[in-house]
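Peer 1: Each chain, written out:
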Amino acid sequence: MSQPPDRTQDTTVSQPPGSSPAARLLTEPLCVINVGLEGFAQELASQDVAVVHVQWSPPADGDPQLAHLLAELGT
Amino acid sequence: MTGVATMEIGDTIATANAEAVRRMLAGDPWLVDVVAASTILTDLPPRTILHAGPPVSWDRMCGPMRGAVTGIAVFEGWAKSLTDAEAMAAAGELSFEPNHHYGCVGPMTGMTTPGQMLMVVENRAFGNRAYCAINEGLGKVMRFGGNDAEVLDRIRWLTDSFGPLLGAALRQMGGVPLKALIARGLTMGDEMHQRNVACSSLLARQLAPALARVSDDKEALARALSFIGGNDQFHLNVAMAMGKAIMDPVRGLAGSSVVTALSRNGTDFGIQVAALGDRWFTAPVEMPRGLYFPGFTQADANPDMGDSAIVETVGLGGFAMGAAPAVIGFVGGGRASDAALYTRRMREITVTEHPEWTIPAMDHQGVPVGIDIRLVVETGIMPTINTGIAHRKPGIGQVGAGIVTAPRACFVAALVAFAETMGVT
Chain A
562 MSQPPDRTQD TTVSQPPGSS PAARLLTEPL CVINVGLEGF AQELASQDVA VVHVQWSPPA
622 DGDPQLAHLL AELGT
Chain B
7 MTGVATMEIG DTIATANAEA VRRMLAGDPW LVDVVAASTI LTDLPPRTIL HAGPPVSWDR
67 MCGPMRGAVT GIAVFEGWAK SLTDAEAMAA AGELSFEPNH HYGCVGPMTG MTTPGQMLMV
127 VENRAFGNRA YCAINEGLGK VMRFGGNDAE VLDRIRWLTD SFGPLLGAAL RQMGGVPLKA
187 LIARGLTMGD EMHQRNVACS SLLARQLAPA LARVSDDKEA LARALSFIGG NDQFHLNVAM
247 AMGKAIMDPV RGLAGSSVVT ALSRNGTDFG IQVAALGDRW FTAPVEMPRG LYFPGFTQAD
307 ANPDMGDSAI VETVGLGGFA MGAAPAVIGF VGGGRASDAA LYTRRMREIT VTEHPEWTIP
367 AMDHQGVPVG IDIRLVVETG IMPTINTGIA HRKPGIGQVG AGIVTAPRAC FVAALVAFAE
427 TMGVT
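Chains as they are written, first to last, in our numbering: chain A, 562 to 636; chain B, 7 to 431.
For reference, chain B alone in the conformation it holds in the complex (with noise of 0.2 Å):
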């Protein structure tokens, strides 16, 4: 190929690439209301499950995705007992689908079922929008694989009680805009992944009085407020709805090599790429290094899983760690001046900064924006990714927290498929 054809296609790269980090910049994502899913997955085949993740049959699922899949039949009354959905999945009777296959994403297993409700984000620049189930809380909970009673009758209360109630109080109040909620939890030292308490209590401040206006039952919503105080990471799911919403726009946009969603199911990693639409490109999931809670240790320890990388997809996460230096301690990471060197590192993989997230203590740089595959592959950095670390076992939890990078080879294979699509070889 020659020099000028050569510089065409770069030019060209270049051009989508700053489209695709317009969109995401232009993206206006506000938290709007709280639905069942079976409206919104109508096309949903019967006894399907949605999970976190590229896809993954039954017999490559790893403990905790197991449990929470027999957990989830049993919630949605398709079986009778955990051993009874273990012995439907075996024999093929329920059916497996990516989140992002349907507009929503899922920390952790991400189970997503049509008997839940799920947290609805517009984004009103371009008027899609994206889907995530309510925030289970801390302790024994299915996102990690639990299973139990405690689990299930905690889903059956989010889905009676407290996910309507939360709705109504959105559509109340209009709405929550979230760019500028972020904006100010960046300031306050989160960095939405595994630290949301700045943007937990944003949150409930503003929610507060449209509750108390919607509910009819004070017990209800001494309840209500009381679960979102007592959850650090409540506004998780929200932050992951945001960054899928802010992220669609981006996707199939012919020419950008800007990666659209990071994702991982306990078994592979999975990432899509702008140019590629809906394509995976796996590679076997890494073990998170992080720190263990008392009692456990690696040997513990699941392999990483979770939608919950779409936060990192937007520049937040692990590429937000400077705004964060409490975090890092949690998470194992380092000192809390290294703090700053991941969000840096970070940014040599990415098209841009963010203009309006910025971090103070870094004099207010932007969070890095738009991970190109092309540095990705280049410099060998990979994207750095916060994460909740799983019990391997079904049922058990959460066992720690941690760091975990995405695997080169998907960055490698999406290369490789970019470029012909590019008429590179």
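Isolated chain A, as found in the complex (with noise of 0.2 Å):
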């Protein structure tokens, strides 16, 4: 039974320039995922670039004391 080629060591498929995942970023539009603090994602969708907020902010808004609590109380 052949084997599938092993695409790790396959160099025989060059990539054009430019088509890295990173240089991609540069050429084709891009659709951003912004976690936390809102107004980031409010300039990005001013500026019409597609933009999906994840609100999210630290445990307890941050209050180590309440996050030790929290913790403690399993959650």
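Calculated from the structure, these hints are not laboratory results.
Reference excerpt, derived from the structure (chain A facing chain B, CB under 10 Å, subset only): (1) D622; (2) D624; (3) A628; (4) L634.
A few chain B residues facing chain A, derived, Cβ under 8 Å: (5) M13; (6) I15; (7) R380; (8) L381; (9) G386; (10) L421; (11) A425; (12) M428.
Sample of chain B residues lacking proximity to chain A, with all beta carbon distances greater than 12 Å (derived): (13) L50; (14) G133; (15) R190; (16) A216; (17) D238; (18) A332.
Glycine included, each C-beta is placed from N, C-alpha and C at the ideal position.
Two chains, two separate frames, one set of hints: put the complex together.
Peer 2: As structure tokens, this is what we get:
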């Protein structure tokens, strides 16, 4: 039975210049996931950049004592 | 504390909270009667007025609460005039207690006194009862601080004519089961706080034949039916007594971090938590964000008040916004398509979903049930409450409707106290 080709060793197919994931950030339209501060999402949206905002904040608003209580209380 | 001990505490709380929501979901509330308040408030000290929210003294009461207090004191015959009543209150000749301390709830100012008639909701799964006065209708009413002759005359009619007739009808028909009524109302666009038009209509449909059977006065019957039919919020007070009847069996449940009451008196917001019994955790109440009737602005508004947030406590009102896209515009909450977002957000701070109270437009997702104070503090998501807005001065009434959130400080204080009961510091 033949084995599937080992793509990690495949050097026969070279990528055209500018098609790496990092390079595509500069050449293709962006869709941004923004986590935390909503202002960044609003700024992008105002420039017609597609953005999904994820509301997130540190547990208990970052209060270490409350975070400790919550951890002890099993959340 | 070790990881094992933390896990044990977490498991203990999870087990207690599972029991809390089991009791909530097993609740079987029925509207069964209307009775004279004097027959159930037998241990109420003389000249005591029950009000909405956590305890508040006369000197800290807001304008509409003071207006209602003076009005109800005249209604009870304790004072000859509103001015007289105000002087009595200031002199300490009237006493004040929260409705929740006596098995009652009341919307907005929430006046409950021995001379009124109270609707009775019985939780047949647990045998407990809860009480709420009859909704007065719209316009100038005591729950928004109204206290003139028109307001007092309506309360006298509710006490002398409508209340006894409604009580006789309920006894004749053996009561109205409310769980199924709520389930149906959710499919018809009610959230049971700021929109009760479907449930009020469904209730009227069930009550009408029994009212006709027990009435020997055509005009009294016609006025009663007209009163119910003309008041889209008639069912609100029924839903509130139902909420109280559902939550009271959870009160005092050791190890449970589930909220048993959300309530406001126009000055303070208060919450109660299952494991912490009747203790209140309070913070200054916030101003609703909303829409105002023509001629009024936020400058006229009083901060939020009422025991009515007991409906949010059982998963309705702001928690069931997804069922009521029509109400979101009325309360200034955004677009109709945003309604489901409110419900989804409240699901992040609750233990479970209701298997019978479901929302068709959300693929029959159940309303969020069992507010866990730990999740509120952890996420920073505060319970959302749909509410009416009263004028800040006594005697004027409702000026709008809106949305208010419970203050974070209530939940932080409750969490610290809850942790102490669990041996965590």
